[in-house]
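As they're listed, the protein sequences go chains H and L.
Each residue of the first sequence is one higher than the one before, counting from 1 in my numbering.
Each residue of the second sequence is one higher than the one before, counting from 171 in my numbering.
It cannot be assumed that every hint is accurate.
16 Å max Cα-Cα, derived EDC-like pairs, lysine to aspartate or glutamate [unchecked claim]: (1) L/Lys311 x H/Glu38; (2) L/Lys311 x H/Glu37; (3) L/Lys311 x H/Glu45.
Just so you know, the hints here were simulated from the structure itself, not pulled from any lab data.
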Amino acid sequence: MKKLPKNNPFKTPESYFENFMGNLSDKLSPEKPNLPEEDGFAVPENYFDGVHQGILDKLEKKEVKVVQLPPYSRYFVAAASVAAILMVIFGMNWNMEKEVTYDDLAASDIENYFETNEFDLSAYEIAEVIPLDALEINDILTTSFEEEQVLDYLDENIEDFETFNFEDNE
Amino acid sequence: MLVEADLVEELKDSKTQSRAFKVLVNTYKQRLYWHIRRIVLNHDDADDVLQNTFIKVFRNIDGFKGDSKLYSWMYRIATNESLSFLKQKSKKQGISNEELQNQTLATLEADVYFEGDEIQLKLQKAIATLPEKQKLIFNMKYFDDLKYEEISEILETTVGGLKASYHLATMKIEAFLKED
Numbered sequence: 001m002k003k004l005p006k007n008n009p010f011k012t013p014e015s016y017f018e019n020f021m022g023n024l025s026d027k028l029s030p031e032k033p034n035l036p037e038e039d040g041f042a043v044p045e046n047y048f049d050g051v052h053q054g055i056l057d058k059l060e061k062k063e064v065k066v067v068q069l070p071p072y073s074r075y076f077v078a079a080a081s082v083a084a085i086l087m088v089i090f091g092m093n094w095n096m097e098k099e100v101t102y103d104d105l106a107a108s109d110i111e112n113y114f115e116t117n118e119f120d121l122s123a124y125e126i127a128e129v130i131p132l133d134a135l136e137i138n139d140i141l142t143t144s145f146e147e148e149q150v151l152d153y154l155d156e157n158i159e160d161f162e163t164f165n166f167e168d169n170e
Numbered sequence: 171m172l173v174e175a176d177l178v179e180e181l182k183d184s185k186t187q188s189r190a191f192k193v194l195v196n197t198y199k200q201r202l203y204w205h206i207r208r209i210v211l212n213h214d215d216a217d218d219v220l221q222n223t224f225i226k227v228f229r230n231i232d233g234f235k236g237d238s239k240l241y242s243w244m245y246r247i248a249t250n251e252s253l254s255f256l257k258q259k260s261k262k263q264g265i266s267n268e269e270l271q272n273q274t275l276a277t278l279e280a281d282v283y284f285e286g287d288e289i290q291l292k293l294q295k296a297i298a299t300l301p302e303k304q305k306l307i308f309n310m311k312y313f314d315d316l317k318y319e320e321i322s323e324i325l326e327t328t329v330g331g332l333k334a335s336y337h338l339a340t341m342k343i344e345a346f347l348k349e350d
């Protein structure tokens, strides 16, 4: 038997299937539902007469928008100002005769000064002012090393331990 | 008779904008107000959103290409402004949208600007149980009396989908009203 074509020759109106459910719903409930006709909402008297002007007023406000600080922040600003003034007053040294010397500075202040400020000093310049026996290895190095790490480094990188002359320098 | 294309042209022209804007507001204020009011429920909130809607229309009129009707475009802005307003309000109060809605419904009876009877109050509660889009479709079809084609343009949903949604909404509301 000759093979018959399988294509469907029938067509539907445009958007038929998209609208099917809607059309069916229309048939299921053709009349207006049995519900109150009014929603019960009301407006103030003459409300709609003032709508246009209200919009213009708001437009104007939005265009000239000034950022207002909250009222309480003014008190914070005033309090902060007073505190700053008091700090300056108490921080000042009123005794003009007193001379400031290095003894007045705590050791921690001096250390902190050097830590927080960069100095372009060479090793020789440092050595001139700090005696060798006053130096600790940890004053120079920022990273501490375990003894094992030092031994491993020496073992891997040094061929001849004689060069260190340990006996003479002990 | 208001010719929409002419009004849009006048709104875009700085010389005629002010007068045209007044015409626009006076023509559409009531329809947009009631649409907004049925979403936000409260008069003061509706007034706020209505103003914001017209301000948004005023500021964005140059971007209106005329692909849809002016009214549909404004209606869409009003819908989005209303929903955004409710989201912001609930966020400010630290509660969900649903809780805010329940809160507003609970005070509706005592609201000075609600003059509905018991059945109308119950109707509002019934509408509140619907999903957001279904609620919009119901209000726009039943109370605003818009045609399905107009709602389709506003909500960008097929007419068939709208009819099905409306049918479901009315069934749910009728069932709710029959409950004791």
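Here's how the hints hold up against the structure:
1. The suggested pairing of lysine 311 of chain L with glutamate 38 of chain H holds, with an alpha-carbon distance near 13 Å, which does not exceed 16 Å.
2. The straight-line distance between the Cα atoms of lysine 311 of chain L and glutamate 37 of chain H is roughly 12 Å, inside the 16 Å bound, and the hint therefore holds.
3. For the proposed pair lysine 311 of chain L and glutamate 45 of chain H, the alpha carbon gap of about 27 Å is over 16 Å, so the pair is violated.
Hint compliance for this structure: hint 3 alone is broken.
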